[in-house]
Amino acid sequence: MNAIPAPILMMEHVTVDFDGFKALTDVSLSLTPGDLRILIGPNGAGKSTLCDTIIGRVRPTAGRIMFKDQDITSLAEQEIVRRGICRKFQTPGVLPTLSVMENLLVSARKNRAWWRSFTTRTPAAETARAEEILHQIGLEDRRDVVAADLAHGEKQWLEIGMVVATDADLLLLDEPTAGMGPQDTQRTAALILKLLGRHAVLVIDHDMSFVETLNGYVTVLHQGQILKEGSVAEIRADAQVRAVYLGRSDDDEPADA
Amino acid sequence: MKMRVNQMIGGVVVLLGAAAPWIINPYELSLLGRFLALSILAMGIMLTWGEAGILSLGQGVFFGLGGYALAMHLKLAGLNLANGDMPDFMVWSGVSALPALWYPFANPVVSLACVVIVPGGFAAAFSWLVFRRRVGGVYFALITQALALAFSTLLISQQAYTGGFNGLTDFSTLFGFDITTEGAARVIYWVTFGFVLVTYFALRWLLMSRYGVMLRATRDGENRVRFLGHDPVPYKVVAFGIAGALAGIGGALFTLHSGVVSPALVGVVPSIEMVVWVAVGGRNILWGAIAGTLLVNFAKDQISSALPSLWLYGLGALFILAVSFLPAGIAGLFKDGGGSARVMRRLLSRKALSTAE
Amino acid sequence: MHESAFLLGQVFNGFSVASLFILAALGLALSFGLMRVINMAHGEMLMLGGYLAYMTLQIVPGPLGILVAMPVAFLGAGLLGGILEWAVIHRLSARPLDTLLATWGVSLVLQQAARNLFGAIGVEVTAPRWLNHTVSVHSGYFKGLDLPDTRIFILIVAAFVLGGIALLINKTRLGLYVRAVNQDRATAAAMGVNARLIDLAVFALGTGVAGLAGVILALLGPVTPTVGQNYIVPAFLVVILGGLGSLVGTTIASLMIGLFTALIEIFVDVSVAQVLLLVFVILFIQIRPQGVITVRTRALEG
Chain V
1 MNAIPAPILM MEHVTVDFDG FKALTDVSLS LTPGDLRILI GPNGAGKSTL
51 CDTIIGRVRP TAGRIMFKDQ DITSLAEQEI VRRGICRKFQ TPGVLPTLSV
101 MENLLVSARK NRAWWRSFTT RTPAAETARA EEILHQIGLE DRRDVVAADL
151 AHGEKQWLEI GMVVATDADL LLLDEPTAGM GPQDTQRTAA LILKLLGRHA
201 VLVIDHDMSF VETLNGYVTV LHQGQILKEG SVAEIRADAQ VRAVYLGRSD
251 DDEPADA
Chain B
1001 MKMRVNQMIG GVVVLLGAAA PWIINPYELS LLGRFLALSI LAMGIMLTWG
1051 EAGILSLGQG VFFGLGGYAL AMHLKLAGLN LANGDMPDFM VWSGVSALPA
1101 LWYPFANPVV SLACVVIVPG GFAAAFSWLV FRRRVGGVYF ALITQALALA
1151 FSTLLISQQA YTGGFNGLTD FSTLFGFDIT TEGAARVIYW VTFGFVLVTY
1201 FALRWLLMSR YGVMLRATRD GENRVRFLGH DPVPYKVVAF GIAGALAGIG
1251 GALFTLHSGV VSPALVGVVP SIEMVVWVAV GGRNILWGAI AGTLLVNFAK
1301 DQISSALPSL WLYGLGALFI LAVSFLPAGI AGLFKDGGGS ARVMRRLLSR
1351 KALSTAE
Chain F
2001 MHESAFLLGQ VFNGFSVASL FILAALGLAL SFGLMRVINM AHGEMLMLGG
2051 YLAYMTLQIV PGPLGILVAM PVAFLGAGLL GGILEWAVIH RLSARPLDTL
2101 LATWGVSLVL QQAARNLFGA IGVEVTAPRW LNHTVSVHSG YFKGLDLPDT
2151 RIFILIVAAF VLGGIALLIN KTRLGLYVRA VNQDRATAAA MGVNARLIDL
2201 AVFALGTGVA GLAGVILALL GPVTPTVGQN YIVPAFLVVI LGGLGSLVGT
2251 TIASLMIGLF TALIEIFVDV SVAQVLLLVF VILFIQIRPQ GVITVRTRAL
2301 EG
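Residue numbers (my numbering), protein chains in the order written: chain V, 1 to 257; chain B, 1001 to 1357; chain F, 2001 to 2302.
Hint data in this document are derived by calculation from the structure and do not stem from the laboratory. The model shown is predicted, which means the values in this text are computed figures rather than measured ones. A hint or two may mislead.
Computed Cβ-Cβ distance ranges for the label pairs, DEER-style [said to hold, decoys possible]: (1) V/E131 x B/L1197: 34 to 44 Å; (2) B/F1298 x F/W2130: 53 to 63 Å; (3) V/D69 x F/V2270: 54 to 64 Å.
No residue lacks a Cβ here, since even glycine has one placed at the ideal position from N, Cα and C.
Using the sequences and the hints, build the whole thing.
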């Protein structure tokens, strides 16, 4: 047996206070490199706020966030990304007038200094990586289509691809299957599972069948606090979770708002 | 095939432009030269407004800075400064000695450098102060309008240093050459034409470069770009700085053609008029900016001298109609309008580029 | 004259200028909060109010004419504003920058129409006798202080309008809808609020208030086709400093800009004051980029 690896991300007693409204209260969370974590919880539980806090969009009122043993709590957003955390947003955040390939190339830029952009040559390694991801997300035949013209599911995959292209060690995927049919949802699950190992992934989702397919360690958030952590089976069996999250205690599907 | 046709059309236009001094009469040539100078500024607006999504209602300020930088030299050229000579209007205003600010402009090279550096640098610094605090969009447009108002009122009120309402006029020599002859007018035209070509191809390259892609990415989703690890601010500041420098060059060339620079060209109203040239021509394609500038200005020249009140109604209607019904401008009407023009036309018409939530 | 009286006079001036800015900027700020668009023809609503006051006084001369003119200007400008919102602005509202340009076109047309109808020079509205006095201090520490009635009148009108709108927003059903759309348009619409109608009503209300401000401008000086332009740029700056659609923010920002302008003009001329005002705004942005009153948003591109 190997020793347990040091966590890649640690949130330590993080509290977020929106003018009196506590969006997160004393949340501590630790993620393992290359591993999957699923974050669930009813609407308004603070899932998106938790992501916002990690990427620096919302600043914690108390507590700190450690990434690769460094305090990133007050770094600029782009600096946090450069350290290796990237997030997919809830409503697809693709760049609408850029082609699929351009979207990926913008994301794959290794040297992000602005003065290095005055060139028409793209480093071969970046192009190769973008092509690889294009294949991975299954959009090869959509390569030169502008992102605005993609179907909803395709946009979701493209944004996952963009997040992957940054080569971040930790990916935050906020509702990657929102608005997808069952087939596309399964495809997304397969895509995410392939990312593990190279990237640690934190997935937020509502869809229990999707969560079961992923079958990772689950954290349940409720009213800004961590209610329970455990395997999918454990979470499913937990009476408290059922009460607050699943609504009716004998129903399989969560009450999706 | 299509590409070759476009190249041929482009070649013919360039040839016609270069041969214009032999084709049209001196008056028309002077108008064309002025409007081409303005089109250099318009290409800058295309860069910031069309490609970066930054609307400036204060481009007249940078135009004026370039124009005044050159005009100050033209006022000093030929004067014997050691002798205590001063520009005529200063003498009339009772200024006792040449203001320190004017001295560097006695040197033509310094002045020409200032034509580019002062407006470009000022535009970059000004926009950096605003963009670094993530203030943009409508706010930025309104702030630049306030800048245009402040700059033009300042020019008018500081009569003794700026020539006030009448501005600076009555120029005679540059680099020792007489600039009032017909031959000189021709040379100035060719210089202007050359600048238009250089600007066109330089910007075309820039928009194809990774910088151009980053700029459009910033326009599409500033925060998305930020959360991909890029700082969007420098891309926007560079675009605004380049547009400022181009406005300055345009202002200097315009001043050479028209023989006068005055606050009437830099205030709130002319600044916003500049945007409509690009709106009419097409905000996402370079030749659209040039075509729009020539079209609107020739129309203005024809209509406003005959029926001045009609022109203002027409200009007002042009703003409303171009923006409401032709958001990609004339260039957008062409199927291969090229670049992002096609995409933009579609997106604008379906309101997909919403920045309001 | 006492220096302290002069200073107090300037402060008083600042407050009365600020009152005008409040009236001019209120409509801009409310609609900006709802729709994120700025109406560049808002200054022409001031102009319209001024001309409506002039015409009303032709029909109803005498001391009470101005009191008749105020509702007339309010309704007239509100009606034109409503038409403008319906015909142009809501069609473009997803493109705020294009809305700026289109409404600027409207402003040009309105100015030219006024020029054709009333001439370029402008018309005079004489203040009624009951507004023709000046409250003067003849002795004591503030000896020499003059407070013209019209300036006091502006303060009163602004206070009434501000109080009225605050009541409307905070105490009525319409106000509840306005706040709902302001916070979350989609949810409000899903709950059955007709957001389109709210946009239209608020826009008309705001332009009506601008028309009212136009009546007051007419008391201060001649009404010209471009009279609105003199006040509109500071009003835009008020919107920038005020924060999204906030009444309190707009009021504070108006006071800041009014007082800053009035006090700085003790030391420098008007044109330099304008430059310094811009410098002030840029510096203010460095400290509070989201304005006096901060609103949080959850949207990615807000």
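Verification of the supplied hints:
1. With their beta carbons about 37 Å apart, V/E131 and B/L1197 fall inside the hinted range of 34 to 44 Å.
2. A hinted range of 53 to 63 Å for the beta carbons of B/F1298 and F/W2130 is consistent with their spacing of about 56 Å.
3. Distance hint check for V/D69 and F/V2270: the Cβ-Cβ separation is about 59 Å, which falls inside the suggested range of 54 to 64 Å.
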